[in-house]
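A.B. asks: Chain by chain, the residues:
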Amino acid sequence: MIQLKNVSKIYNKGIHALTNINLSIDKGEFLFLVGPSGAGKSTFIKLLLKEEEPTEGSIVVDHQDITKMSRRKIPYHRRNISVIFQDFRLLPNKTVYENIAFAMQVIEASSKDIRRQVPMVLGMVGLSDKAKQYPHELSGGERQRVSIARAIVNNPSILIADEPTGNLDPETAWEIMKVLKQINRRGTTVVMVTHAKDIVDTMQQRVIALEKGRIIRDEHRGAYGYED
Amino acid sequence: MKIRTINYMLKQGFVGIWRNRGMSIASISSVAASLAVLGVIITIVLNINNLSYIAQMQFDTIQVYLDDELTVEEISNVGQKMTAISGVKYVDYESREDALNRMKEQWGEQGYLLDVLEENTLPNSYVIHVESIDMADYVVKELRNIEDVEEFEGIEEIKYHKDIVDNMLRIASFVRTIGLALILVLILIAMFIIANTIKLTLNARKQEITIMKYVGATNWFVRWPFFIEGMVLGLIGSVIALVFVYYGYQYAFDLITEKFYVMLSAYVVSVNEMMKRTIPIFTVIGAGVGALGSIVSLRKHLKV
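Those protein sequences? They're chains F and L, same order as listed. Everything in the first sequence is counted per the working numbering, starting at 1 for the first residue and increasing by one. Everything in the second sequence is counted per the working numbering, starting at 1001 for the first residue and increasing by one.
There could be a bad hint or two in this list.
What the hints assert, rightly or not - If you only want the chain L side, here are some residues facing chain F, beta carbon under 10 Å, derived:
| # | residue |
| --- | --- |
| 1 | L1010 |
| 2 | A1084 |
| 3 | G1087 |
| 4 | Y1138 |
| 5 | E1208 |
| 6 | K1213 |
| 7 | N1219 |
| 8 | R1223 |
| 9 | F1227 |
As the list claims (entries may be wrong) - Dumping the calculated DSSO-like pairs for lysine-lysine here, alpha-carbon to alpha-carbon at most 30 Å:
| # | chain 1 | residue 1 | chain 2 | residue 2 |
| --- | --- | --- | --- | --- |
| 10 | F | K73 | F | K132 |
| 11 | F | K130 | L | K1011 |
| 12 | L | K1081 | F | K50 |
In case anyone wonders, no lab produced these hints; they're calculated from the structure. All figures in this text were calculated on a predicted structure; none of them were measured in a lab. Glycine residues also receive a C-beta, built at the ideal position from the N, C-alpha and C atoms.
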């Protein structure tokens, strides 16, 4: 599904964000990416989304080398690999339903598909009764679930979660994890960047630890491994 | 592109215009003002061109007025000499009676005024048709030769108007050059104002655009609403300028034809003709300035 070969990223200012990363992620995996701030986690995500180009190496997603992909094809790549953020990034002047439908409208989905898909994903994240509410009327956990619904409404094969529980209390964080796990069970590959030790330790999934731009640990059924 | 997508983009375009009403009005006004100035320049240039064209049509002839004392034989003699000059297409003889009739015809309704003349004081004349107006100078020089060298006394006056036409063309080209430079500056200003208006919309929609980017909207999908916004601003400006040109020109046209000289109306470009010329020019420039303004703004502020 995702293969990185000898990937390095050096920013203009000479900062070595990632150094010689070799990594393979299979379809349907659930993977934690951990490491201190500045370890290169954000760069890793940006490379996958093709927001940044690697200085060296190749990145293959779904059998396609995205480092050789033309700029015109980036939007189609991003329909296959969607992302959620710590700060939810919902549009405040749109209802929950409209926020999710927006993601389909902008890729020119038919209204029939929108009417079918949006209630379905709302059901999956357990927010069917909140469709008409605005983001400010929701709790943090609910907002993150809306953003998850928006991320999966176009059926991506990969979901990247960039510290999705960072702004949530532990109990709510677990709700989100349940939703993510459920999405993973449907076959979506999930890559989650996190600092939440208890979540990583409890979930018993593959853990990749980055430090100073290098992979220092890649364990299946791993643990967070850092003391907070 | 799907119809629903087009609807969405049009709607976003107009929402953008409405959201920054103040800047939108500034953009529209600046396009309208630039094009109105262009309208005035076009009016002047078109009319001078038209006048000089009419002048050329009338003055590709050289009028040679003949002395009354000439005999029939002398008249035909000098006629032959004129025909022989190179550059002369043909020569028409116009007797004083013919001249009076032609004048009556030209004056039309006012022709009765000529009936009160007791005596026809018009001279007999030759009308020399030259092959092109550029030849007129040469032909006139040759005519003067006939007078001087051969001491032929029968030519009373030579009338031709190449100088007038030349002057008119010079003025037209001067107005055009200055006008174009002025318009270029005005249009650049209009473009700059539109670019700034678009920038405001871009800022207002920053969050939306980020999300669109992440869910895989194509670049064109992101850009189109801004193009539409720019082009609509430009087009509204050009419509206002067209209205201004229409009524302004109508007013000036009426003023000239009614209060001044009736005959002049034939030399002034009609309102319809004027609109036929300006509508396509204004529409293209309006939409073009808007689109360019958007491009400037998008290039600078939107990385997709």
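A.B. asks: Can the hint on E1208/L be confirmed by a CB-to-CB distance to chain F that is less than 10 Å?
C.D. replies: 6 Å, holds
A.B. asks: Against chain F, with CB atoms and a cut of 10 Å, does the hint on L1010/L hold up?
C.D. replies: 14 Å, violated
A.B. asks: Starting from K1081/L, check that the Cα of K50/F is at most 30 Å away, please.
C.D. replies: Measuring from Cα to Cα gives roughly 88 Å; hence the hint is violated.
A.B. asks: Have a go at the N1219/L hint: is there a Cβ in chain F nearer than 10 Å to its own Cβ?
C.D. replies: This hint holds: N1219/L lies near chain F, its Cβ roughly 7 Å from the closest one there, short of 10 Å.
A.B. asks: Should the interface hint for G1087/L be scored as holding, given a Cβ-Cβ cut-off of 10 Å against chain F?
C.D. replies: 64 Å, violated
A.B. asks: How about K1213/L: closest beta carbon in chain F under 10 Å, or not?
C.D. replies: 7 Å, holds
A.B. asks: Mind checking the CB of R1223/L against every CB in chain F and telling me if the closest is under 10 Å?
C.D. replies: Violated, about 12 Å.
A.B. asks: Hint validation: F1227/L versus chain F, beta carbon distance must be below 10 Å. Holds or violated?
C.D. replies: Not OK, violated: F1227/L not within 10 Å of chain F, min 16 Å.
A.B. asks: Should the hint that Y1138/L touches chain F count as held when the rule is a Cβ pair under 10 Å?
C.D. replies: 65 Å, violated
A.B. asks: Holds or violated: K73/F with K132/F, Cα cutoff 30 Å?
C.D. replies: 34 Å, violated
A.B. asks: Against chain F, run the beta carbon of A1084/L and see if the smallest gap drops under 10 Å.
C.D. replies: At about 74 Å, which exceeds the 10 Å cut-off, the nearest Cβ of chain F leaves the hint on A1084/L violated.
A.B. asks: Run the distance test for K130/F versus K1011/L: straight-line Cα separation, threshold 30 Å.
C.D. replies: Status holds; Cα separation ~27 Å.
Comparing the model with each earlier hint shows violations of hints 1, 2, 3, 4, 8, 9, 10 and 12; every other hint is respected.
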